[in-house]
Each structure stands twice: as C-alpha cells, then as structure tokens.
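Starting from the known structure of chain A, fit chain B onto it as the hints suggest.
2 protein chains.
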Amino acid sequence: MKARVHVTLKPGVLDPQGTAIQGALDHLGFSGIENVRQGKLIELELAETDPARGRAVVEEMCRRLLANTVIENYAIEVTP
Amino acid sequence: MKARVHVTLKPGVLDPQGTAIQGALDHLGFSGIENVRQGKLIELELAETDPARGRAVVEEMCRRLLANTVIENYAIEVTP
Chain A
502 MKARVHVTLK PGVLDPQGTA IQGALDHLGF SGIENVRQGK LIELELAETD
552 PARGRAVVEE MCRRLLANTV IENYAIEVTP
Chain B
502 MKARVHVTLK PGVLDPQGTA IQGALDHLGF SGIENVRQGK LIELELAETD
552 PARGRAVVEE MCRRLLANTV IENYAIEVTP
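Keeping their order, the protein sequence lines are chains A and B.
First residue of the first sequence: 502, per the working numbering; consecutive thereafter.
First residue of the second sequence: 502, per the working numbering; consecutive thereafter.
Please keep in mind that the hints were generated in silico from the structure rather than gathered at the bench.
These figures come from a predicted structure and were not determined experimentally.
Among the hints, a few may not be true.
Just so you know, same-sequence chains aren't split out, so a pair can sit in one copy or run between any two.
Stated by the list, open to error - When the alpha-carbon atoms are kept at most 20 Å apart in a straight line, the in silico EDC-like pairs for lysine to aspartate or glutamate are as follows:
id: 1; residue 1: K503; residue 2: E561
id: 2; residue 1: K511; residue 2: D527
id: 3; residue 1: K541; residue 2: D551
id: 4; residue 1: K511; residue 2: E546
id: 5; residue 1: K541; residue 2: E573
id: 6; residue 1: K503; residue 2: E560
id: 7; residue 1: K511; residue 2: D551
id: 8; residue 1: K541; residue 2: E578
id: 9; residue 1: K511; residue 2: E560
id: 10; residue 1: K541; residue 2: D516
id: 11; residue 1: K503; residue 2: D527
id: 12; residue 1: K503; residue 2: E535
id: 13; residue 1: K511; residue 2: E573
id: 14; residue 1: K503; residue 2: D516
id: 15; residue 1: K503; residue 2: E544
Pulled out of the complex, with its shape left as it was, chain A reads as follows:
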C-alpha cells in the first residue's frame, strides 16, 4: 500500500521559505498572492496491506520521526 504524509507548519509558526517564495512570485509579476506556506510531502510504499494497520504505523512514524509535533501538523492519506 501507499501512504502520503503532508507535514505543514502550525498556524502562527514563522515560515521563511514560504515568505521567500511569495517574494519571488511578487518579483516575477504575479499579483494577488495573499499567503504562501511551504510544507513537506512524504510518500511511502509499505508492504502492509491492511489500511487501518498501515495508517496506524504511519501515524507512529509521524510522531517519532517525520513531523516535529511542537511546530508541525501532519495529515495522512492511505491508498491500497
């Protein structure tokens, strides 16, 4: 099965990368950009075939390694 993890900074946490992207887009002439935030996308292929068990394992991976839960949120999508 495949799992996709979105790791995003919590609201209120400064995001210098997002700010840099927004500045670069402004500079290129794109207007009407109100906010930009950059996060991480982690795609995993797992031998596990049970979606519920797979999600539980990925949840533990997020807590232990993939996300810094002090400043980041994570969301998991599982596809068989």
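Showing chain B alone in chain A's frame:
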C-alpha cells in the same frame, strides 16, 4: 481561493532525502518499508476567485518558479 501544489521528483531521479528517511525509519525498527520519496507541498492563498483562472495562474507559477520541470513533476489542487 486556496491552491495546493505537490512537487515530487520524477521517477528515476535519485532522492537522497527519501533514502535518509527510509534509513532512519529502518533504524527506529519500522519494517516493511519498500520505498520513501520526499517532495514539497506549497500552499497558496490567492485573491483570485475563479477556479479555472486560479489554476492557470498557479500552473504558470509552477513552470516559472515552484518546480524544476527537468527533474520534478507537479500537481495542483484548487479549492474555492
């Protein structure tokens, strides 16, 4: 409106970050991980309200700045 861009390395392009994550997960005792790839997630808030026009603008942003189309693919999700 909001737009979400997923930027991922094309298949076949080496992904040292993904390999490092896979190694770290193995080291923590997670087994059955067949592959890990790391990409970027960019979340934009735009003043534009028309989904079709918004998507076209974000598409141009991807081509000009957000993705390196030689080695990366991008996917755009637009929500009003």
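- Structure-inconsistent hints, enumerated in ascending order: 2, 3 and 7
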